[in-house]
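Peer 1: Can you join these two chains into the complex? Each is in its own frame, and there are hints to help.
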Amino acid sequence: AQTVTQSQPEMSVQEAETVTLSCTYDTSESDYYLFWYKQPPSRQMILVIRQEAYKQQNATENRFSVNFQKAAKSFSLKISDSQLGDAAMYFCAYRTPNAGGTSYGKLTFGQGTILTVHP
Amino acid sequence: DAGVTQSPTHLIKTRGQHVTLRCSPISGHKSVSWYQQVLGQGPQFIFQYYEKEERGRGNFPDRFSARQFPNYSSELNVNALLLGDSALYLCASSFRELRGETQYFGPGTRLLVL
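Going down the list, the protein sequences come from chains B and A. Under our numbering, the residues of the first sequence are numbered 1 to 119, in order. Under our numbering, the residues of the second sequence are numbered 1 to 114, in order.
Read the hints as simulated data drawn from the structure, not as lab findings. Glycine included, every Cβ here is placed at the ideal spot set by N, Cα and C. Treat each hint with caution, since some may be false.
Claimed, not checked - Label pairs and their calculated CB-CB ranges:
no., chain 1, residue 1, chain 2, residue 2, range
1, A, Leu83, B, Pro41, 32 to 38 Å
2, A, Thr14, B, Thr27, 28 to 34 Å
3, B, Phe64, A, Lys13, 37 to 43 Å
4, B, Pro119, A, Arg67, 45 to 51 Å
5, A, Gly84, B, Thr20, 43 to 49 Å
6, A, Asn71, B, Gln83, 35 to 41 Å
7, A, Ser65, B, Gln14, 45 to 51 Å
Just chain A, same shape as in the assembly (with noise of 0.2 Å):
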């Protein structure tokens, strides 16, 4: 079985330009959540999304937006990009949002903001 598979890999972009990350989730899985993963650090939480509603936000400007689509997969878009939006973005996919269901990661997409 495929796994999270996202897209692109890697992605190079200017500031002030705009940005969509794609992520598919484990088949079957209806919830997918998105990381920010700084060169040296740990992920931090961005979004989460379950049945094309988001259900949680971190503490990021609203220059960053998500939305999951019918087949649960998901984009998500970083508008206006400063140099610090360079990371690794991961995609994580569960099947529902039991309590504590673990989170299944994808490979990530390398942003890098020039």
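Pulled out of the complex, with its shape left as it was, chain B reads as follows (with noise of 0.2 Å):
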């Protein structure tokens, strides 16, 4: 079964600065989609960036990036210029392609990482 792992329950950073969030994961796949999630107290789930595990190319959005190690099964977020709005909890998470059976269409979320951003 697929696992998710994030080994940093809390984080924190200064305003304008940059931070690293971990995420491992566990999978004998080969293709496989990685999401980052970011979940603000108010609660409501928004999609951060996302990873084909087929593609190199380490994805990024604006002020997000990742760091795609297939090999290592590590893709962490990196928060570059970090901003009071960026404070909430952020989870990692694993797709499969749908190939059937009852996994179908699930997404596989790591524990999560608080976030704290002081200004």
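Peer 2: Take a look at the structure:
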């Protein structure tokens, strides 16, 4: 079974600085998708960034970028120029391509990392 | 455009009761997934529906059931509620069920079982 591990329960960063959130996963699949979601205190889960495993190039979205190391099964999120609005719980998630079975459409989430941004 | 909507936002029930949670996907989206998020943990997959058919099921007891309607909205039903069912229930929608298609989440329904 696929598992996702976020080893940092909490992280903090100063406004305008850079922070990296860690995520590792375990899978025997070669084709899959990885996501970072942000969940602010309002509870709405928001997509931050996604990465296709078959793409070697790391995904970027404005101030957010990932370091995808497929061999190491590592998928870290880097937030540059941190802003107060970045404070939230961040979840790493894994998804296999739809191949039938009971896992169809399933996202597997890590335990989350609480990010605090200090002014 | 409206995002995924869920109702009610909060709900209090007692043990043994039944509850129905509702979800309306983003307009044009045909797939709906349900997740349970216990406080302090990541969401756990419960069900996925696409074109009104169950396409995926997580490791939850038969007390949990769901359905999808012709307009692609969905209901999650939980029977014989237990204290451990207290959680945030999240609904997510996607356009179809293509490989790795992104799921967009609603604000959730907070269920408290007393």
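Peer 1: Taking 35 to 41 Å as the stated bounds, is the beta-carbon spacing between Asn71 (chain A) and Gln83 (chain B) within them?
Peer 2: 38 Å, holds
Peer 1: Quick one: are Leu83 (chain A) and Pro41 (chain B) within 32 to 38 Å, going by C-beta?
Peer 2: 25 Å, violated
Peer 1: Assuming the hint says 37 to 43 Å, is it satisfied by the Cβ distance from Phe64 (chain B) to Lys13 (chain A) or not?
Peer 2: 39 Å, holds
Peer 1: Verify the CB-CB distance for Ser65 (chain A) and Gln14 (chain B) against the hinted window 45 to 51 Å.
Peer 2: 48 Å, holds
Peer 1: Check the following: the C-beta atoms of Thr14 (chain A) and Thr27 (chain B) are separated by a distance inside 28 to 34 Å.
Peer 2: 41 Å, violated
Peer 1: Take a look at whether the Cβ-Cβ distance between Gly84 (chain A) and Thr20 (chain B) falls inside 43 to 49 Å.
Peer 2: At 35 Å between Cβs, range violated.
Peer 1: Falls inside 45 to 51 Å, the C-beta gap from Pro119 (chain B) to Arg67 (chain A)?
Peer 2: 47 Å, holds
Consistency with the previously given hints fails for numbers 1, 2 and 5, ordered from lowest to highest.
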